[in-house]
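With chain H held as given, fit chain A onto it using these hints.
Taken in order, these protein sequences are the chains called H and A. Everything in the first sequence is counted per my numbering, starting at 70 for the first residue and increasing by one. Everything in the second sequence is counted per my numbering, starting at 3 for the first residue and increasing by one.
Simulated from the structure, these hints should not be mistaken for lab results. Quick caveat: nothing in here was measured; it's all calculated off a predicted structure. Every residue, glycine too, gets a C-beta built ideally from N, C-alpha and C. Nothing false has been slipped in among the hints.
Reference listing, derived: stretches of chain H covered by chain A, where coverage requires no fewer than 3 residues with Cβ under 8 Å from a Cβ of chain A:
1) 112 to 122
2) 208 to 219
3) 222 to 233
4) 257 to 268
5) 314 to 321
To give a feel for the contact side, a few chain A residues facing chain H, derived at Cβ under 10 Å:
6) K23
7) P25
8) K85
9) T106
10) H112
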Amino acid sequence: MGKTGVQSWSFINPVYIQSSGTAVGPLEGQGPLSSTFDRVHDDLHCGEDNWELAERRLMIDAVHSCLQKAGVDESNVDLFLAGDLLNQNVTGNYVARQLGIPLLGMFGACSTSMETLATAAALVEAGYSKQALVAVSSHNATAERQFRYPTEYGGQKPKTATFTVTGSGAALVSKTPSPVKIEAATIGKVMDYKIKDPFDMGSAMAPAAWDTIKTHLEDMGRVPEDYDVIATGDLSSVGTPILRDLMKQDGYDITPVHKDCGLMVYHSDQPVFSGGSGCACSAVVTYGKLLDDLKLGTYQRILIVATGALMSPTMMQQKESIPGIAHAVVLTKGEVSQ
Amino acid sequence: MDKQKLNEQNYEKASKTYQPKPPYVLNVIKAFIIGGLICVLGELLTEMYVHWFDYSEKDAGNPTVATLILLSALATGFGVYDKLGQFAGAGSAVPVTGFANSITSAALEHKSEGLVLGVATNLFKLAGSVIVFGVVAAYVLGILRYLWSLIF
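Isolated chain H, as found in the complex (with noise of 0.2 Å):
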C-alpha cells in the first residue's frame, strides 16, 4: 500500500516502537501521570546552570531511559530525529552533538513528536535506517523566554493560555517485533483561521486537527470507533470542545474516544491556565501512559495527533497569524506481548 488516500502512508512491512523513555519537570511529576514517567525532576532547573541547560538535560535523560530499556548502545542507532521549540532547535543539535548518531533536525512547533516518530517510521520500513531515534522536548521556560516574557515577569495570562509542559520524550523505532507496531501515518496541511492571539493557541490548532483527523479517516477508510483512544496533543480546554463540535459538523462523533494530552498530564487544580501545551506534552502522554495501555491491552488501536502551533514572535508582532499544523500516528497492540 505505502501511500494511502491523500495524506496518508500505511506501513507495509511492521515497523514498531521498541521502547521509549520519558523525563519531565516537577509540576509534572505532581500530575495524575506521575508513576509513568521514567525521570521526574524535583527542580525546575533540573540541576544545570540555565534553563536551555535544563532542557538539554530532560532529553538527555529520556533518550538514556529509552535506549537502557532496549538495550541497545547509542553506536547501534544510525538515525537520530529531534526537535524542540528553541530557535535553530538548540536541544536537538547539542544533545546530537553529545550522542554522535546522524541527525535531522526537525521542526513542527508541538506536532514535533509525532512528526519525527512517523518519519522515523517511514524510513525503517524502507530500510533507510535499522534503528531510529526520535526524542523532542520543551522546557517551561525556554519557551516563556522564546516566545513571551521573561519568566519572573509580572504580566497577567488570560484563561485561554497553555503552560508549556517541562520534559522530553523518546522511543527508539525499528523492524524488531515488541509490545507497539506503528500501523500507518497521516501527515497534516498547514491550517490558518486567522486566530491571532498567541495566548489562545487551542483555538489556532483546532481547524489542524481537525483537517489531519478527517483526512485520516477518509483515507484510510475508518470510523472513530476503530480507535480506542483519539489523543491530540495540546488542545486544551478551549480547542478541545471546537475540535469536536467541528468533527461533528461532518458527521464524526469522535467526543465518545477523544482525549487530549494537555489536559491528561496535569490534574484540573494546578495553575495551569487551559491545559498543557508544547513539544512534551504529546510525547511524554505518548511515550508513557499511552504506550503503558497499549502493552497491557487495555488499548488495541490508537490515534495520535500532535498539534502544533507554528507561532513566531516576531510574525505576531507583524499582525500576521497564527497557522497551526497536525500530524497523525496510529500505534497498536504488536503481536508480541510484553
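Leaving out everything else, chain A in the frame of chain H:
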C-alpha cells in the same frame, strides 16, 4: 444558545463562544485593591521618611520610590512578583513596582548570556518602550509649555 456552524470565514468570531471570557469586573476590583495597597505602602514609606529621617514632604518621594523599587526587585528575584502579577494584573503592573519588575525579570532572564551582551543589552527589553514614550511625551509637552509661556 444555538452555536454557529464553524467554517473558515466565521471561525474567528464563532470560536469566541468557546473561549472563557476574562472576568473584567473581578480583575478591576483585584487591580484596584492590590494597586491601592501598593500606594498605601508608598504613603507609609513617605510618612516614615518625613517623620523619622527629616525629609521634607516634597523630597520624601525619592527615597520612597527607591524603596519600592528595591522591594519589587527582591520580590521578583524570589519568584513572588510574577504570581502577584497574575493575581493583580494592572494593579501590580502600573505602579513603579511593575516597572522595576520588568527590568529585574529581564536581567535575571538574560544572566546566562553574560553581563554585557546578556544583562546590559536586554535590561530595558520590556521597559524600553515606556522610557522612549516617556521621554518623547515630556519633550513634546515641554515645547508646548514653552510656546504657551511665550504667547501669554
